[in-house]
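Novice: When the sequence shown is numbered by the working numbering, its final residue is 183 and no position is left out of the sequence of numbers.
In case anyone wonders, no lab produced these hints; they're calculated from the structure. Model, not experiment: these values are computed from the prediction. From the three backbone atoms N, C-alpha and C, an ideal C-beta is built for every residue, glycine too. Be aware that one or more of the hints could be misleading.
[What the hints assert, rightly or not] Label pairs and their calculated CB-CB ranges:
(1) 54 <-> 75: 42 to 48 angstroms
(2) 94 <-> 69: 23 to 29 angstroms
(3) 83 <-> 164: 37 to 43 angstroms
(4) 80 <-> 2: 53 to 59 angstroms
(5) 83 <-> 141: 49 to 55 angstroms
[Said to hold, decoys possible] Listed below are the simulated SDA-like cross-link pairs for lysine to any residue, each with C-alpha atoms no more than 20 angstroms apart in a straight line:
(6) 110 <-> 94
(7) 83 <-> 61
(8) 98 <-> 69
(9) 165 <-> 133
(10) 152 <-> 137
(11) 54 <-> 30
(12) 152 <-> 85
(13) 172 <-> 135
(14) 98 <-> 64
(15) 83 <-> 99
(16) 98 <-> 85
(17) 83 <-> 62
(18) 98 <-> 152
(19) 152 <-> 91
(20) 135 <-> 117
(21) 22 <-> 51
(22) 110 <-> 147
(23) 83 <-> 70
(24) 152 <-> 121
(25) 152 <-> 175
(26) 41 <-> 30
(27) 165 <-> 175
(28) 152 <-> 169
(29) 172 <-> 111
(30) 135 <-> 96
(31) 165 <-> 121
(32) 110 <-> 154
(33) 27 <-> 51
(34) 22 <-> 43
(35) 172 <-> 98
(36) 22 <-> 11
(37) 41 <-> 51
(38) 25 <-> 54
(39) 152 <-> 162
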Amino acid sequence: MTPRRTAQRAGRTRYTGRRCRKHSKAKRFTSNGCCCACSRKANLATENEYQRRKRRADPQWRQKWNKYRAQWMREDRARNSDKYARRDKAWRERNLNKALAASYAYRARKRGQQCTCCTPDDFRAIYYAARLTRKEVDHRRALALGGLHCCKNLQLLTVAQHRRKTVSDNRKIRKLKPLRKLP
């Protein structure tokens, strides 16, 4: 007679039978023959997943979690600033066109000059094309002169052409600055 049958006839719920692959001395359930430790682990994992899903669905919990996570990220960035600087620099080098598109988009958002007709993918494509052709992306009408950050306002120029245009744009901006200071 097997140890399981003996335990069942004796009215016990657990018995020590053949070894489990993961737990050498764990007992087994007489009802199904499964390892008690493995079953406990599986039940905890299922229960934890249920609790996680339940919490994630709760908007108040989500809001608290996002605040906690943001605070933790700020503190971690402050503690490990050089680690994050290296990581960010490496990312920028790998994704130059995304980084340039993001920085120009940030400036345009700051000035309220972001267009609504273009998607981030459109900008990435332009910066990618500029990188392939070894040209630079320029705003036809500079942001400082009231131009929009829009694909229609972007052009590809060689380095020399871009320098010349930047110089002329800066002259125009300097002429406008004294006018802006007046009330």
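Novice: Please go over all the hints and tell whether each is borne out by the structure.
Specialist: How the hints compare with the structure:
1. For residue 54 and residue 75, the Cβ-Cβ distance of about 28 angstroms falls outside the hinted range of 42 to 48 angstroms, so the restraint is violated.
2. Residue 94 and residue 69 have their C-beta atoms about 25 angstroms apart, which keeps the hinted 23 to 29 angstroms range intact.
3. Distance hint for residue 83 and residue 164: a CB-CB separation of about 41 angstroms, consistent with the stated range 37 to 43 angstroms.
4. Between residue 80 and residue 2 the C-beta distance comes to about 58 angstroms, which sits within the given range of 53 to 59 angstroms.
5. Separated by about 40 angstroms at the C-beta atoms, residue 83 and residue 141 break the suggested range of 49 to 55 angstroms.
6. Restraint check for residue 110 and residue 94: not satisfied, since their Cα atoms lie roughly 26 angstroms apart, outside the 20 angstroms limit.
7. Restraint check for residue 83 and residue 61: the C-alpha separation of about 30 angstroms exceeds 20 angstroms, so the hint is violated.
8. Between residue 98 and residue 69, the direct Cα distance comes to roughly 25 angstroms. Violation of the 20 angstroms bound is thereby established for this hinted pair.
9. The straight-line distance between the Cα atoms of residue 165 and residue 133 is roughly 19 angstroms, inside the 20 angstroms bound, and the hint therefore holds.
10. Straight-line distance between C-alpha atoms of residue 152 and residue 137 comes to about 12 angstroms, which keeps the hinted pair within the 20 angstroms bound.
11. Only pairs whose Cα atoms come within 20 angstroms are accepted, and residue 54 paired with residue 30 is rejected, the gap being roughly 33 angstroms.
12. For the hint pairing residue 152 with residue 85, the CA-to-CA distance comes to about 34 angstroms; that exceeds 20 angstroms, so the pair is violated.
13. Simply put, residue 172 and residue 135 have alpha-carbon atoms about 24 angstroms apart, too far for the 20 angstroms limit, and the pair is violated.
14. Annotation: proposed proximity of residue 98 to residue 64 is violated, straight-line Cα distance about 31 angstroms (limit 20 angstroms).
15. For the suggested pair residue 83 and residue 99, the alpha carbons sit about 19 angstroms apart, so the restraint of at most 20 angstroms is met.
16. About 17 angstroms separates the Cα atoms of residue 98 and residue 85, which keeps this hinted pair within 20 angstroms; it holds.
17. Annotation: proposed proximity of residue 83 to residue 62 is violated, straight-line Cα distance about 28 angstroms (limit 20 angstroms).
18. Between the alpha carbons of residue 98 and residue 152 the distance comes to roughly 18 angstroms, so the proposed pair stays at or under 20 angstroms and holds.
19. For the proposed pair residue 152 and residue 91, the alpha carbon gap of about 28 angstroms is over 20 angstroms, so the pair is violated.
20. This hinted pair does not check out: residue 135 and residue 117 have alpha carbons roughly 24 angstroms apart, beyond 20 angstroms.
21. This hinted pair does not check out: residue 22 and residue 51 have alpha carbons roughly 26 angstroms apart, beyond 20 angstroms.
22. Distance hint between residue 110 and residue 147 is fulfilled; the C-alpha atoms sit about 13 angstroms from each other, no more than 20 angstroms.
23. With a C-alpha separation of about 18 angstroms, the suggested pair residue 83 and residue 70 falls inside the 20 angstroms cut-off, and the hint holds.
24. Taking the CA atoms of residue 152 and residue 121, the gap is near 14 angstroms; set against the 20 angstroms cutoff, the hint holds.
25. As the CA atoms of residue 152 and residue 175 are separated by approximately 26 angstroms, the hinted pair breaks the 20 angstroms bound.
26. A threshold of 20 angstroms between alpha carbons decides the hint, and for residue 41 with residue 30 the separation of about 18 angstroms falls inside it, so the pair holds.
27. Under the criterion of a C-alpha separation no larger than 20 angstroms, the hint pairing residue 165 with residue 175 is consistent with the structure, at around 16 angstroms.
28. As the CA atoms of residue 152 and residue 169 are separated by approximately 18 angstroms, the hinted pair is consistent with the 20 angstroms bound.
29. About 18 angstroms separates the Cα atoms of residue 172 and residue 111, which keeps this hinted pair within 20 angstroms; it holds.
30. Only pairs whose Cα atoms come within 20 angstroms are accepted, and residue 135 paired with residue 96 is accepted, the gap being roughly 13 angstroms.
31. Only pairs whose Cα atoms come within 20 angstroms are accepted, and residue 165 paired with residue 121 is rejected, the gap being roughly 26 angstroms.
32. Straight-line distance between C-alpha atoms of residue 110 and residue 154 comes to about 18 angstroms, which keeps the hinted pair within the 20 angstroms bound.
33. Taken as a hint, the residue 27 and residue 51 pair is broken in the structure, with Cα atoms around 28 angstroms apart against an allowance of 20 angstroms.
34. Our distance criterion of 20 angstroms between C-alpha atoms is met by residue 22 and residue 43, whose separation comes to about 16 angstroms.
35. For the hint linking residue 172 to residue 98, the alpha-carbon distance of about 29 angstroms lies beyond 20 angstroms, and the restraint is violated.
36. Distance restraint check for residue 22 and residue 11: the Cα-Cα separation of roughly 27 angstroms exceeds the 20 angstroms cut-off, and the hinted pair is therefore not satisfied.
37. With a C-alpha separation of about 15 angstroms, the suggested pairing of residue 41 with residue 51 holds against the 20 angstroms cut-off.
38. A distance of roughly 35 angstroms separates the Cα atoms of residue 25 and residue 54; the hinted pair therefore is violated under the 20 angstroms criterion.
39. As the CA atoms of residue 152 and residue 162 are separated by approximately 17 angstroms, the hinted pair is consistent with the 20 angstroms bound.
Comparing the model with each earlier hint shows violations of hints 1, 5, 6, 7, 8, 11, 12, 13, 14, 17, 19, 20, 21, 25, 31, 33, 35, 36 and 38; every other hint is respected.
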